[in-house]
Every structure is written in structure tokens, then in C-alpha cells.
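Can you make the complete structure from the sequences, with help from the hints?
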Amino acid sequence: MSPAPTAAAPARKDDSQVRQKAMIARHFDRLAAAPETGARTAYTFVPGNLTELLLSFDVLPVLPEINALQSAMRGKTAEYIAIAEKHGHSEDVCTYVKSDIGMMKSGNIGPTGQRLPSPDLLLLSYTGCFTFMKWFELLREEYHCPVAMLHVPYQADGRITDAMRTYVVDQLKQVVIPKLEEVTGRKYDEDRLREHLARSAQAEDDLVWVLQSAKNVPSPIDAYFGAVYYVGPIFSAFRGTTDAVDYYRELREEIAERIRQGKGPVTPEGEVERERFRVVVEGPPNWTSFRQFWKMFADEGAVAVASTYSKVGGVYDLGFRHDPDHPLETLADYCLGCYTNLSLPTRIDLLTRYVSEYRADGFLINSVKSCNSFSAGQLHILREVEARSGRPGGFIESDLVDPRYFSAANIKNRLESYFQMIEQKRPGVAS
Amino acid sequence: MNYTVGIDLGSTTTKAVVLGEDGTVLGRGITNSRSNYDVACQVALSEALINTRFSLIAGEFRGIARDPSQATTLIGALERKFRAEQYRSQLRVLDTELRRFLSRLLTRPPAAAAIVDRIVERMHGEIDALYAEGARRKSDFFRDLAGSRYLALAEDEARATGVSFDLLAGLFDKAILDVENSAEAAGHFDQHAAVALAGLPGADPALTTAVARVSALTLEQIGSVGTGYGRQRLPFPEGRIRSEILCHGLGAHAMFPHTRTVLDIGGQDTKAIQVDEQGIVTSFQMNDRCAAGCGRYLGYIADEMSLGLHELGPIAIQSSAPVRINSTCTVFAGAELRERLSLGEKREDILAGLHRAIVLRAMSLLARSGGVKDEFTFTGGVARNQAAVAALVKLVNENYGARTVNISDDSIYTGALGAALFALRSAGSRECRRTA
Ligand code: SF4
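Respectively, the protein sequence lines represent chains A and B.
Going by our numbering, the first sequence opens with residue 1, and the numbers climb by one from there.
Going by our numbering, the second sequence opens with residue 432, and the numbers climb by one from there.
If you are wondering where the hints come from, they were derived from the structure by calculation, not from laboratory data.
Treat the hints with care, as some may be off.
[What the hints assert, rightly or not] Facing chain B, from chain A, some residues (calculated, C-beta under 10 Å):
1) P392
2) G393
3) F395
4) I396
5) S398
6) S407
7) N410
8) N413
9) M421
[To be verified] When the alpha-carbon atoms are kept at most 30 Å apart in a straight line, the in silico DSSO-like pairs for lysine-lysine are as follows:
10) A:K134 / A:K173
11) A:K369 / B:K804
12) B:K569 / B:K512
13) A:K263 / A:K215
14) B:K512 / B:K605
15) B:K804 / A:K425
16) B:K804 / A:K412
17) B:K569 / B:K777
18) A:K295 / A:K369
[What the hints assert, rightly or not] Label pairs and their in silico Cβ distance ranges:
19) A:E91 / B:H555: 56 to 62 Å
20) A:E91 / B:S442: 24 to 30 Å
21) A:L318 / B:E651: 56 to 62 Å
22) B:K605 / A:R404: 35 to 41 Å
23) A:E271 / B:N433: 37 to 43 Å
24) A:K134 / B:E735: 38 to 44 Å
25) B:H741 / A:A82: 38 to 44 Å
26) B:V824 / A:G377: 29 to 35 Å
27) B:L774 / A:G75: 43 to 49 Å
28) B:Q622 / A:G75: 57 to 63 Å
29) A:T112 / B:D707: 49 to 55 Å
30) B:E651 / A:E91: 55 to 61 Å
A quick note: this is a predicted structure, and the numbers were derived from the prediction, not measured.
Positions of the beta carbon are idealized from the N, C-alpha and C atoms, including for glycine.
Next up, the structure:
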């Protein structure tokens, strides 16, 4: 589950977008040069990622989920998935995994067309998704490199206990950090980590401000499709960097300007001129038909004012910030707090809160066929949020990166029906 | 007189429902033309308007008839004559088209023109019998009626003359499209009504008065809404298009005001819809990109068994021990079917199992949409299939307990009715705005 920092960017480029593009290009340059420069790389996941810790060891993160979704946006995944299936992976397996395996088998060419380096470490820092373990098991067979596994307990009761935190911190001390020391030949430097964490908190403040700007009517941003670009840097290789701090400051200023001008969000097709529907969205987007999917919303004047997907790498709006004063504890809390580690009641509370705080007309679930972490229990969530918020819920089904699972006619039909259903339920509307 | 219309452009048929200003259904029309959306709409609408005029005539006539107890019979006779006339007019267009295509053929057997003459002449000769009182027609569509006669006669001719049957059948296939795609082919109400009246010498003169009054009425459209699979292609402005889900919900509510759950199994998709006491949709679920378990599945099974679609239900209903079939995948169902047949299982038992498999898929959608509440209305083409209905009633009862299950004879018009009601509402609100 992860954000897409580049492809299919809106037509008119804001300064922040230009900056983001350049940041990402530099990162992939560094990765491509790693075999020569000797830079160390770790493959890791978005939920519960330990970017600051990696950066404190000068280890460059590679995020297979992001590669998969970017491959999808570049129209590559049909081919990659076919390759993975040829190697014996069944149709129902998480399509991120198959896309990644296919990409690897095709020469490991990343989203910028450059070759990705092999990992020096596979860092499995969030275990809420069982697929992750199997995914890295497959990669380990391929790369024969060390694996560090951080087991993160599930927040079954909706809160983080001291025992949970200590359990994670102990593993950081006893497993993850020693592995990083071994792979890089460096000593753990807590002061360096603190510096990164302080920068993270700063960027996180601005990000939250940006996402919460959708409380304005009309909303200046799209907090689902548009947010994919906003959360890119913070959920990937840039949290804790000055690049990220600068990016989010700039983005915040741009959005503040949009609010001053009373403008709606920018989509690939242009600006949403009239906000007709405000919706909260649960579940990841579809990446193979991302633009088409977005257009189905934009055409109806539907703006996502909040989404859970934009929280996959951290639910900051519940108040969490990385805390330089408690470096390992804060990393533990971060891992424990990622969205898919939250219990169903917590997810229901969160969605219900979003519906009211963001003055949404309804909420919509995109149920992803091959991802159980997100999808299990979603219909139950739908019923509960409907009952508590009194707003209509909608349900569509697609997939992450397998183009075979996106039926445009079916999804469009459901979306249109859903928006018309909202319209029909508005007080005082005759038809 | 003002009316609103709802048009449901489905994947196999196009339906129109015409409403009076008080919301009563005045007429319904259907066509199986699907090659051109605009024409399909026109044809369905003109059929619905003819139907409307007949219901108006019936109303007028009952008030002034010499013997009101004879009214229904007389109007029935008038309508049959009218339909015969309409058929005649379509057959004339067919004739012209057959000749046009014949003249274009590069290699034309010398006997062909005479054969077409003979076929068309015999078809003309059969019209009165086709529309005689008590005559049973397999379909109300010109294509089906004319097609079955034309092909049968062509077969005879081919046998007798040695001219290729395929050539004759091919001519029909081309010509029929032009008949279907022309709203003109069906002719005009006034003309046909006049001929129909003339065919009833000695009938109550009040009937002539009623026909004259209704023929003189201008029917003015004050609102229209389109829905259905082809709704994006309908000749309607965007604001006048409603999703099928909303239309089915409202249509079912209009037919059965206590409806809370609606199931629509159509040709291409299945929808489970929950509505409130006003017919407003509160939630819905639809099959995903896989259309297994939709009406088309039955069509496929019918083809596999070389049966007509309408024959499946009656056979399946005879089963006393349905086999358990798990696959709703259309292709696998075919394979499973052949295997079971080869194992010597009875046709009716296999068919009953297949019907149950479809309904099981629908049950899952119903569960996901919020369950089956009282009352429950079943709409769509499959609602006419008694075996599917029986399986549904049984499973609903097992899973949810006793429920009133509504099925209307007019269920095929549910979506169009909902659309017409939406049209009426927005026409009403426009009125308000105008007078406000
Ligand atoms: S199953 Fe879901 S959470 Fe797990 S890796 Fe795949 S997309 Fe991510």
C-alpha cells in the first residue's frame, strides 16, 4: 500500500510538483549509481517504514510497493504479472507482489527507466500484512541477502500499550539496529536519528495542514487522488530529509493560496469548478486506470475530502508526530499506528469522524480484490459508518495493479448510481 | 394532453413507459431493436404512445358506449385490427427492402424475384389469421413474427425450386434491420385506427366517436428521463439521465409501495437494492466485473441445450431432485452440464440446479446489500422464469424467513417506470419554479 509520487501528474505543474519530481529523480539516480558508489540499499515497505533510521545509516530505501504502483501507471503491470504467473504465482495473490516479481525478472528497471540495485538488506518493518512476509521470502531466495524482521503487534483493542511499545523497541535494539550495523559497517548514531526525526515532525505538521485544508468548502485539494502526490515524499524515501521539509512548506503555501482564491482541486482534466459531492474514501485507488478512475469522480463534480489511503504510511491527523526526544519509542509508535494495523472499530470511528468533520455527503469504499489487509471487513465498516453518520455509503470493487480487474463500465455505473443516490437523499431535492 | 416518458435502454430491449400528469401509467412500449439507440428510443416511445391512445380510447368509450359490458371485447377487436394493419405496413417496408437487397446481389438466381413475390404474398395472406381473435402469437415483435414465417416459407421454396435457402435467409437478415430501424415503418396511429374501425362494420358508433376524440388529442411531452445500459447514448441531455439502480428502486416502489428490497437480474448484471418507504435507494450492491449468474447465463445454457430461453423454466420446474451445481461461471456451467448429461442425470434436475446456482449468486449480493426485507420485489427478465422464482422464494425463506415476494407481469418495465416517475417529478418541480 503506497503512494505514487510521480506519474500522471496534473497538467499544470505547481512549483511543489516540480520540486517533487526533481527529488525523486535524484533518489533514483543515487540508487542507479549504488553499485559504483557502494551505497547500501534496503528494500522495505510503506506501512511502518523506518526511513529515518535507514537514513541515519545512509542506507537508501527501495519501496517495492511504490515500484509496483508506478509500473501500473506506466502500463507495465500486465506484462509483469504475466511473467510472475508464468513462474507459478496464482491469480489471487496480491498483485503488488506479482508486479514486483515480474519487474525483477525483467531486469529490475525502476520507474525512471534506470536499473534498481539489489538489496543489501530486506527490512520487514511491519507485519500487519502477512503477504509482506511471503513477498520478502521470495525476494530472499532471489537476492540471498540478510532479512531483518520487526514484528509489530496488532492494535486489537484500539490502543498502544507500554508492553507493545517496549516489545517493538527491544526488537529495534536487538535485531534491526545490529543488522543495519552489520550491513553498513557503521555504528548506530542516535543523534543523527534525532535530527531526522525532528525534520520529519516538521514536514508532518505541514502535511496534516494540507490534508485538513479539505475541510474548506469548496475543498482546495482532492484528498484521495490528489493526495497520492502529496503523501509521496513522506511515505517513501524522504521523511526526515530537508527536501521533504521544503517540499511540504511550499505545498502548504500553494494550497493556502488556492483557499484564498476560493479554488477547487486540480485534476488531470483541469480544475473542479463546481464541487457537487464531498466524499470520504476508504481503500487504495486503482493504479492501472488511475486517471480514468479520477475522471469518473471529477466528471461528476465529486471531490474526496478525506481518505484513509492517504494515511497508509501514518495516521498523523490523530496527533502522532515523530518525536526526536524518544527516538526508538517514536519509531515503535509509528509502526504500531499505521492504518492497516488499526482495528475495525478504530477504522469505523475514524471514517465516521471524517464524514462529519469534513462535512461529507457520503463515503465510498473501493474494495481491492487482492488485498486482504484493507478489504477484510469492509462491508461491515460500510454498514456501521452508515448507521453512525447517517450518510450513504457506496461500494465499488477493483484491484491495485492488475488491469484485468478494472471494469470501467461496471465501476462507472456504480459510481454514477451512488452519486445520484446522494443527490436524491439531499433534503429538498425532488428528483 | 401532457405526458412524461421514461425510457430504459437495455442490452436486448428498449422499454418506454408513458405517464399522465397524475402519475398513472397510460402506456407501455417495447422494442427489440438495438442497432441504433435513437431509433430504438423512438420506436419504444411510439409503441408506448399507441398503447396510451388505446387506453384513452378505452376510457372514453366506456363512458359513452351503448353497452359498456361489450366495451372490452370491442376495444380488443379494434386493437387486433390495428396491430394487423401495423404489421401490414411493416411488411410493405420489408418487401421493398427485400427487393432492394435482391437487386444488389451480384449473382441472382433467375427465380429469386418470383420467390420473394410468393413469400411476401403468402405472408400478406396470413395476416388476418395471425391477428384473429384467440390466435396465439409467440412474440409481439415484428422481427420474430415475420421472421419465423418468412424462414419457414423460404425453406419450402428452397426445397421446391433449388434456390439456396441461405441466400433467401440472408436477404431477410439485411432487410429486417431497415424495418426495425425505421419508426415510419410502423405507420401512423390515425391511419391504422381508421382502417381498423372500417374493419369493424356495425360496431357501436360511440367507438368511432371515442377514436376520433383520442386521435384528435395532441400528446405533448413535458418531461423525459432515460436509463439503462445505453443511457449515456440516449438522446437526452445529461441532467435527464438516471442510473438503473435508482430507476429500478423507484419503479418497484411504484408497483409495490411496501417494497423494501429489490432484486433485478438483467441480461448483463444483477443488482440488489434497498429502498426506503419513499422508494429512495438507501444502498445497493452489484455484481463485479464478472457477469456470471446474470440472465445471459441462462441464454448460454439454452443454446448449449438447443432450447429456447423460455423453455428452460418450465423444464426445470418439473425436477424433483435438483443436482447441486456450484459453478456460476458461464463457461464452466456448460462443461458441468455436458458432464452431468453424459452421466445420465435428468435434464430437468440439471436445469433446476443451474437455476439454483444463479439465485445463489443473487443471494450473496442481497446479503451484502443488507439482506432481504419485507416486502421483496423481483424484477428483470429472469423474474419471468418460474424455476428461478421458485429457487429464489425457497432460498429467501430459508435465509430470512417468510417474506412477501412481489413479481409484476410488467416487471420488464420497472426501470422505465422509475425513469418516467423521475421525469414527472422534475417536470413538476419545473412547474413549481415557473409559477413561484
Ligand atoms: S496484500 Fe494489501 S497490504 Fe499486503 S502487500 Fe498487498 S496491497 Fe499491501
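So which hints don't hold here, by number, going up?
none
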